[in-house]
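J.: Order-wise, the sequence lines are chains Y and R.
If you're matching positions, the first sequence starts at 1 in the working numbering and goes up one per residue.
If you're matching positions, the second sequence starts at 363 in the working numbering and goes up one per residue.
If you're looking for bench data, these hints aren't it; they were derived computationally from the structure.
Cβ atoms here follow ideal geometry from the backbone N, Cα and C, with glycine treated the same way.
A hint or two may mislead.
[What the hints assert, rightly or not] Taking lysine to any residue pairs in the SDA-like style, the calculated list, with each CA pair at most 25 Å apart, reads: (1) Y:K81 to Y:T99; (2) Y:K292 to R:F464; (3) R:K482 to Y:L194; (4) Y:K26 to Y:L194.
[To be verified] Computed spacing ranges between beta-carbons, pair by pair: (5) R:H434 to Y:K361: 47 to 57 Å; (6) Y:Y217 to R:M363: 28 to 38 Å; (7) Y:V36 to R:D483: 44 to 54 Å; (8) Y:D296 to R:N419: 42 to 52 Å; (9) R:I485 to Y:V36: 49 to 59 Å; (10) R:E503 to Y:G312: 44 to 54 Å; (11) Y:V101 to R:M363: 29 to 39 Å; (12) Y:S95 to R:E503: 49 to 59 Å; (13) Y:K322 to R:N496: 26 to 36 Å.
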Amino acid sequence: MAETALRKPVKVAHSYNGAFASKFAKSMFTTVTLLVILSFIGTRMFTHVDLNLYGYMVGTFVFLGGFFYRFIAWGERPPTKIIITKGIKLMFRKSTPKTSVEHLATYKFIWNRGIYRWTQHVMLGWGCILSCLVTFPLVFGWMYFTMDEGGYYTVVAMGVNVMTVDADGIIAFFFYNALNFTAIMVIIGVCMALYRRLKNMQARAEQKFMYDFLPLYLLLFISITGLILTFMNVFLHGAGHYAMSMIHQYSVVVTLIYLPFGKLAHIPFRPLSVFARNYREHYGEQSMKKCKVCGDEFVSTEQSQDVINVLGTNEMDFTMEKDGFNLAELCLPCRRKYRIARFSGFATHEVKTKEANQNAKG
Amino acid sequence: MKKRLYIELENCIGCRSCLAACTQCGGHEQRNRNYVYDVNPHVSRQTMPLMCLHCENPACARSCPAQAIQIHETGAVLSALVEKCIGCQNCTIACPYGIPKFDEEENLMYKCDLCIDRTKDGIPPMCASVCPSNTLQWLTEEEIERKQQQYDLDNGKWVTSMPYLEGATNVKVNLPGILQGTEKLF
Ligand code: SF4
Ligand code: SF4
Chain Y
1 MAETALRKPV KVAHSYNGAF ASKFAKSMFT TVTLLVILSF IGTRMFTHVD LNLYGYMVGT
61 FVFLGGFFYR FIAWGERPPT KIIITKGIKL MFRKSTPKTS VEHLATYKFI WNRGIYRWTQ
121 HVMLGWGCIL SCLVTFPLVF GWMYFTMDEG GYYTVVAMGV NVMTVDADGI IAFFFYNALN
181 FTAIMVIIGV CMALYRRLKN MQARAEQKFM YDFLPLYLLL FISITGLILT FMNVFLHGAG
241 HYAMSMIHQY SVVVTLIYLP FGKLAHIPFR PLSVFARNYR EHYGEQSMKK CKVCGDEFVS
301 TEQSQDVINV LGTNEMDFTM EKDGFNLAEL CLPCRRKYRI ARFSGFATHE VKTKEANQNA
361 KG
Chain R
363 MKKRLYIELE NCIGCRSCLA ACTQCGGHEQ RNRNYVYDVN PHVSRQTMPL MCLHCENPAC
423 ARSCPAQAIQ IHETGAVLSA LVEKCIGCQN CTIACPYGIP KFDEEENLMY KCDLCIDRTK
483 DGIPPMCASV CPSNTLQWLT EEEIERKQQQ YDLDNGKWVT SMPYLEGATN VKVNLPGILQ
543 GTEKLF
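Put together the whole structure using the sequences plus the hints.
T.: Now the structure itself:
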């Protein structure tokens, strides 16, 4: 990261940004400070820290380091930068909540890829998300329980007593067992994914072992060790609890560290798909590009130009001097026909017929 | 032995076997990712296939904000990784030949991956396996070299990719006929 700092001309800035050597340093500092402040409030000035969970805390900080490192390097790529900057500007479109829910919560697009894959992804995705929502507030002390007299628990969130629940009641039951339920969800999801990979040649063809299987095995390992912990507590009266909780904790930490670098990296990066949708919708409403050959509107003027610019930064320029257009200004069928024209010497793209017989039925 | 897809465009008889075969490749989920065009639809029967040429510097991958399009060690430019593609469709606009297809419902781009599960082990891609007219062939460098010599009229008229394509490509194309004013004489 020191490199990035060196490469940039040093601006004498008196702003917040000016205080940091690099973007990485700024993001790291800001996030860690925020977490510490939240914990300070949540734990009533650090009086209710659960030190058994400190491993997760360390894991989280290492994860953040890896995440910012990856995200910043990635965000420097010209096409990514465009989506991120324009995406942030367009964040508050009316359709954003709907798009976010469909992309990040209900996975509508995966439903369209098949019910099996959708079920698998809901199990895995929501299993993981819910687990994190339970675990991390406990780790950072944003939420904890105190036992009062008379078999009642008080739930404390951000330092405020939120509710008192009967220790044997149904709500308490869900609190205790939340992680068991999510573990079962994850196990179902992993098994479905593994089954699909073993049974379905099509899925198998796409996989690379480490990239694809390692995250599944990690999640499986976490879930199983988590369930074993419960089993030990309930049926073995806590025998072996300490060793198992260490194994479980380490497996979570390893997964957190690995997370930004493998297939699981799509979890923190996925919100970009909402940006992409907003980008297409917003600029599409503003003005659509007409194909320079057939006149059909096929993409927003903005995106066509952005792509030309991005390719320009990669020293690629598809301007066809002779015909007076850039290839990014032709709709897809016309661009393909133009290629045929260049192959054959006959101006196929100027013949006014729709492309025919392009879809074989499998 | 490294082999490449090699295309002799003028052999094409328009049977569209390559499209049908493409649907059957592992991972293609019954949809073809290649094209066959009539060169002059109202006048002649000449057709030509069009598929991803697996550019050495692929515009599709360079324009992808999510790094969803990976380049395999064999040089094949792969289809979008399902978990990474964010559905922006930059790649479809960037490709100089209009190859990547986009599924709106699934919010996912898909394109020719040169049947990577086959070609990584030296097995020809589906399209080349079925082409009855030898338009699509799967050849070693030497065989391509020999083709070149066979057609070499010592007048600089045999051309593969450069300079008639937008960039160097892993798939080699034998260009037919009149080409931007250049006449091929055999
Ligand atoms: S032909 Fe198009 S899709 Fe294929 S590698 Fe080149 S830019 Fe990408
Ligand atoms: S549609 Fe998907 S593969 Fe294509 S550029 Fe966008 S993110 Fe990349």
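J.: Against each hint, give a clear statement of whether it holds in the structure.
T.: Okay, the hints, checked on the actual structure:
1. With a C-alpha separation of about 21 Å, the suggested pairing of K81 (chain Y) with T99 (chain Y) holds against the 25 Å cut-off.
2. For the hint linking K292 (chain Y) to F464 (chain R), the alpha-carbon distance of about 21 Å falls within 25 Å, and the restraint holds.
3. Restraint check: the Cα-Cα separation between K482 (chain R) and L194 (chain Y) comes to about 23 Å, which is no more than 25 Å; the hinted pair holds.
4. With a C-alpha separation of about 40 Å, the suggested pairing of K26 (chain Y) with L194 (chain Y) is violated against the 25 Å cut-off.
5. Distance hint for H434 (chain R) and K361 (chain Y): a CB-CB separation of about 28 Å, inconsistent with the stated range 47 to 57 Å.
6. Between Y217 (chain Y) and M363 (chain R), the C-beta spacing of about 35 Å keeps the proposed range 28 to 38 Å intact.
7. At about 53 Å, the beta-carbon gap between V36 (chain Y) and D483 (chain R) stays in the expected band of 44 to 54 Å.
8. Between D296 (chain Y) and N419 (chain R) the beta carbons are some 29 Å apart, a value that contradicts the proposed interval 42 to 52 Å.
9. At about 57 Å, the CB distance of I485 (chain R) to V36 (chain Y) agrees with the hint of 49 to 59 Å.
10. Against the hinted window of 44 to 54 Å, the Cβ-Cβ separation of E503 (chain R) and G312 (chain Y) comes to about 33 Å, which falls outside the hint.
11. Between V101 (chain Y) and M363 (chain R) the beta carbon distance is about 52 Å. The supplied range of 29 to 39 Å is therefore violated.
12. Checked against the given bound of 49 to 59 Å, the beta carbons of S95 (chain Y) and E503 (chain R), roughly 52 Å apart, stay inside it.
13. The hinted range of 26 to 36 Å is satisfied by K322 (chain Y) and N496 (chain R), whose Cβ atoms lie roughly 32 Å apart.
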